[in-house]
Amino acid sequence: MSKKNIVLINLLIFSILIGCNKNNQPEEENFANLTLKFAHFNEGKLLEFDTLIYENEAENQYLVNEIQYLISDVILHKSDGNDILIDDEKDIFYIDTDISSTHTWKIPDKLPLGNYSSISFTFGICEEKNQSHIFPNPPESFMFWPEKLGGGYHYMKLNGKWLTDDNTIIPFNFHLGIGQTYYSFPDSITGFIQNYFEVLLPSSSFELTENQIKEIEIFMNIENWFRNPNVYDHDVYGGKIMQNQEAMKKACENGHNVFTVKILN
Amino acid sequence: MKRFILISMTFCLLLIITFCNKEKPDEIIYQPTPYEIEIPFGFPTILNIPDDNPMTVEGIELGRYLFYDGRVSGRSHPDSLMSCSTCHKQENSFECGINNPDFPGGFPHGIGGKPTPHVMLPLINLVWNHSGYLWNGFISNENPKECFRNIEDLVWMGIIAEHEMFSDTVRAKTLIQSIHGYPELFLKAFGSETITMKNISKAIAQFIRTLITANSKFDKYMRCEEQLSPSELNGFVLFTTEEGADCFHCHGGYGNPLFTTNLYYNNGKDSLFTGEFEDLRDRFHVSGDPMDYGAYKATTLRNIELTGPYMHDGRFATLDDVIEFYSHHLVWSPYINPLMHHIANNGIQLTPNEKEDLKAFIKTLRDDEFLTNPKFSKPDSFPDGTK
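Protein sequences appear in the order of chains A and B.
By our numbering, the letter at position 130 of the first sequence is numbered 130, and the numbering carries on one by one without gaps.
By our numbering, the letter at position 118 of the second sequence is numbered 383, and the numbering carries on one by one without gaps.
Think of the hints as simulated: they come from the structure by calculation, not from any bench.
Take these hints with a grain of salt, some might be off.
[Unchecked claim] Chain B is faced by these chain A residues, among others (derived, beta-carbon under 10 Å):
{"no.": "1", "residue": "His133"}
{"no.": "2", "residue": "Asn137"}
{"no.": "3", "residue": "Gly238"}
[Said to hold, decoys possible] Computed list of lysine-lysine pairs in DSS-like fashion (alpha-carbon distance at most 30 Å, straight line):
{"no.": "4", "chain 1": "B", "residue 1": "Lys620", "chain 2": "B", "residue 2": "Lys354"}
{"no.": "5", "chain 1": "A", "residue 1": "Lys37", "chain 2": "A", "residue 2": "Lys249"}
{"no.": "6", "chain 1": "A", "residue 1": "Lys129", "chain 2": "B", "residue 2": "Lys482"}
{"no.": "7", "chain 1": "B", "residue 1": "Lys354", "chain 2": "B", "residue 2": "Lys482"}
{"no.": "8", "chain 1": "A", "residue 1": "Lys129", "chain 2": "B", "residue 2": "Lys485"}
{"no.": "9", "chain 1": "B", "residue 1": "Lys379", "chain 2": "B", "residue 2": "Lys482"}
[To be verified] Here chain B is said to cover these stretches of chain A; the calculated rule only asks that three of the stretch's residues, wherever they fall, bring their Cβ under 8 Å from a Cβ of chain B:
{"no.": "10", "segment": "159-166"}
{"no.": "11", "segment": "170-180"}
Bear in mind that the values here come from a model prediction, so they are computed numbers and not experimental data.
Every residue gets a Cβ at the ideal spot worked out from N, C-alpha and C, and that includes glycine.
The shape of chain B in the complex, shown without the other chains:
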C-alpha cells in the first residue's frame, strides 16, 4: 500500500512539473546581454555604475538611438527637435565646440534661446567620475535627494530645463512610446514595452558611460607604442613638475590618466572684492564650505583643444589664453586653493617656448579614434526607419 501511495505521489509531481514547463515557452523572454567595460591601461578599476542600471548591450544600443533622436524632447516638428547630440557633438569630444554655428563662441542655449548658466563639460570618461557631475558637483551620490545623484538624473533634467530642451517628461515618453520600433527596444533592454522617463534616462546614461577616450598619442606613449616629440616631452615635464607648470595635482598625469581629479578648486580667476563670487552655482553653494567660494570642477584635459571656451564661464577662448592666465594672471583671494601656490608670483611664469611646449603636450591628449568612432556616432536611421 505504501509503495502504491509513493508511486502515485511521484506521478502527480511529474505531472505538475510537466504542466509548469509547458507554460514557460509562451512567456516573453527578457534576457539582456551584460556589457563589460574594458579598463584601459592605468585607468581606475572602480566604475560609477548604479546598481539599478547595469550596463547591457541592449540598453546601450537603445541609449545611442535616444541620445541622437531629437524627438526625445517630446516634439516632432523638424524645427523644434532637440536631443543630447544637438549640443554634445562627437567631433568636439561631446561638447558643443567653439566653432559650432548654432552656438557662436561655444556658448550653448536652450531651444528657446535661454543661455546655459555655465559653458558645457564634455561627456567623456564619466564612468570614472565618483565626485559629482556639473561644474559644482550638484549631481552627486551625496545629494540628499535621490533624483539628483547620477548621469540618469542629468537626462531628465536636460529634457525639462528651460536652457536645454524645455519640454516635459510626459510629452517625451509619450512621443517615444508612439514611435514604431522603440517599444520593442525598451522591452529588450528593460523588460517592458511601456516606456518610462526612468528607462529613457537609464538607456541614455548607459550609452554615455561607454564614451571612453583612452587612445590618444599620450596613451600610446604610456603604453610604449609611440614616442612624443622633444617639444611634447618637455611639455610633459613642465606639466608634471612643481618647478614647471605644476598642472598635475589637479589635472592628473601618468599616475592619474583621467587627467582630472574631478574635484573642485578655486584656481585664482577672480578676487573677492569685485563681486565675481556671486555665482550661485559655484561649489560653495553645494558644499557650504567657505573655502569653496569661486571653486569649480577641474575639467579633464583629454581632447581639451576641442572643448573651448574654457573655465566655467567660458572666459578664455583658446588654450593660449588659458596658459597665459596660469602663467601670469592669477588673482589672489582668501579662497584660492592651496595647490595654487604659484600665486606668489602671479602665476607659473613660463617662457614663450615653454608655453608652446606645454600646449604641444596638452594636444597629445587628443584621441582622434574616439572622435570618429562609429560606435559613438549618430545611427544611420532610428528604430522607425527615419534618418
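Excised from the complex, chain A in its bound form:
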C-alpha cells in the first residue's frame, strides 16, 4: 500500500469520526432540565408544625405533626399537544416534611425545549404500579399499606391532632390509600377501590429554554384537604380512616384542589 493511500484512509476515518461527533452534539444542547420543589402551606402561610393554631371548615381546631406522601407519573403537557412523562430515573417521588432532602426533586430527564401549557401528576400511585415491596428501603418502605387492606403503599400520611367536641386534644391519622368494600365491617372485605387521582396544577404553563434548569415550586395547601368541595369534620371521622372509604373518598375529592404551583425561573 502506497503512502498516498495510507494518508487517504486516515483522512477518511478522521472525517467519519468528526462527522459522528457533529451529529450527536446538537441533540444534547437542545434540552433543558427541571427541578421540582415542594412546600407546605396553610391559609397562605408556611405550615407551622405541632402548634394548635389552625381551624378547618368544620371548625375543628387542629395541628399538623408531619406529612409524608407519594406522587407519581408527573406529566409535562406541551402546547403542541405532546406529553412528556417524567420517568428516566424514577416515576414515583416521596416527600416528607421531616426530611428536607425530599423537598427538592432534581429531575434528570432531558426535556425538550419550548412552551408547556401545564403540569399534572398522580397523587399516590396507579393500580398497575402500586405493588408491595417496590420500595424495600426506608423511608418509602414505611409507607407500606397492609396486604389485608389492598397492599402497596399509603398515598399520604398526614398526622396531627385536633380539639374534640369534649375539649380533648386527640391524634388523627389522615391516611389515604386503597379503599375497601366490606360485606361485614371490619372483617369481610369484598373488594378494593383505587383512590389515587390525577392533579392538574392550575396556572402551570412555562417555557423551557436552551441549557436552562427550570425551577418550579409545588405547594400543598393543607386547609383544602378539609374544605373543598367536601367539608371534612374530624369529629365525624375520628382519628383513623384507612378502613373508611367514605372518608377517604371525600378527602381524595378535596385533593384535586390542594396543590398550586409557582414558576420560579
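Using the hints provided, position chain B relative to the given structure of chain A.
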C-alpha cells in the same frame, strides 16, 4: 548509536522491574476476604456499614472471638471477666432475657453492680438501622461528635461504662495484644499485629452486623413456604389494621419486615403531670424537639417473646402485660405521638380472644434457627486455645 541507547535503556528498565518484583514476595500480604450480606426476602437493600469498616470474613471471625472473650474487659481473673456476650445471649436474641439468673427480671447491671440506665435492646438486624442506636438514638450519624456514630462506638463505650464492663481501653487492648493468636488475627483482618481499640471495635461491630434474623415462621409465610394457623392469621390482620391493634405503623409488617421503623415515639405510657418525663435519656434529650418528650425507639418485634422485660424501663414483664397496656391503659399527654390515635378510647380495646390471636401472631416472629445458629455462638475455643 540511537539504537544502542534505546536497547541500553530498555535493558536498564527491565533490570529495575525485575529488582522491584523480587522485593514483593518478602512483603506480608494483607488481603482480607470481602463478606457480602445476603438480603433476605423483603428486607432493605441499603446497609449501614461505615466506609472505613467494610465487612470481611477475617474481621467477622475476629469479632466473634472478641464478642465472646471476657478478657476484652481488660481483666483476666475468672471472676472479673465480662464480654458482650455476658449480657447479649444468643438464646435470648442477643438480649439478657428475663430468666437470666445473673440479671434477675432481665435488668442488667455492670461488673460492679451498677444498673444500666435502661433495659437492653437486642443486637439483631442492626445492619439495617440508619436511625440511631440505643433507646434514644444518641449513637447516630447525626451526632456532631464522630466518636458517637455507629455500632463501633457502642463497643468502646461498653468497655468503659460503669454500668457495663467498667474498664479502660488501654487495659483492654494491652491484654488482648498479649494473648497468643490474637495479633495474627488482627493482622489478617486489619493489616497490623498492633492491636488498637479502634480495630477491636471494628471487628466486634462487623460480627454484630452479621446477626441477621429473617427465618421465622412469618418469614416462611411471606415466602409462601408455610401457612399460619387461623389464630396467627387473625393476629396478623389485627396487627396490620387500624380497626384492629394498629401495630404496623411503628412496628412494620409485610412491607417492612424489620418489624420496626427504628424511629422514636411517645407511646402513651406516662402523663406529663406525674414527673415521668424527667428521664434525661429520652429522645427529647437528643433531638431537642419538645414533641419527643417521653419518646423512645420502637423496638423490633422479631424474637420479642424472648426479650422481656418490655419498654425502655422494663415496666412490663410479659407480652400479655404489653398487649393489656395497648388495649386498655394508654395515658394521654400533650406529647403522645399522633400515631397513638387509639388514646381516644384509652387503647385498642381488644377482646380476650383478640389478645390471644395477636400474641400468637407476634410469636411467629421467633426465629429458632437464628437463636441456635452455630455461626453466631461462642467459639469452641479462643485463639490461644482457652475455652
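Comparing the hints with the structure gives:
1. Residue-level restraint check for histidine 133 of chain A holds (minimum Cβ-Cβ distance to chain B is 6 Å; threshold 10 Å).
2. Contact between asparagine 137 of chain A and chain B, as hinted, is supported at the beta carbon level, the nearest pair being about 4 Å apart and thus within 10 Å.
3. Residue-level restraint check for glycine 238 of chain A holds (minimum Cβ-Cβ distance to chain B is 7 Å; threshold 10 Å).
4. The straight-line distance between the Cα atoms of lysine 620 of chain B and lysine 354 of chain B is roughly 28 Å, inside the 30 Å bound, and the hint therefore holds.
5. For the hint linking lysine 37 of chain A to lysine 249 of chain A, the alpha-carbon distance of about 27 Å falls within 30 Å, and the restraint holds.
6. Under the criterion of a C-alpha separation no larger than 30 Å, the hint pairing lysine 129 of chain A with lysine 482 of chain B is consistent with the structure, at around 29 Å.
7. The straight-line distance between the Cα atoms of lysine 354 of chain B and lysine 482 of chain B is roughly 21 Å, inside the 30 Å bound, and the hint therefore holds.
8. Taken as a hint, the lysine 129 of chain A and lysine 485 of chain B pair is honoured in the structure, with Cα atoms around 25 Å apart against an allowance of 30 Å.
9. As the CA atoms of lysine 379 of chain B and lysine 482 of chain B are separated by approximately 38 Å, the hinted pair breaks the 30 Å bound.
10. Restraint check on the segment 159-166 of chain A versus chain B: 4 residues with Cβ-Cβ distances below 8 Å, three needed, restraint holds.
11. Counting residues of the segment 170-180 of chain A whose beta-carbon sits less than 8 Å from any beta-carbon of chain B gives 5, enough to reach three: the coverage restraint holds.
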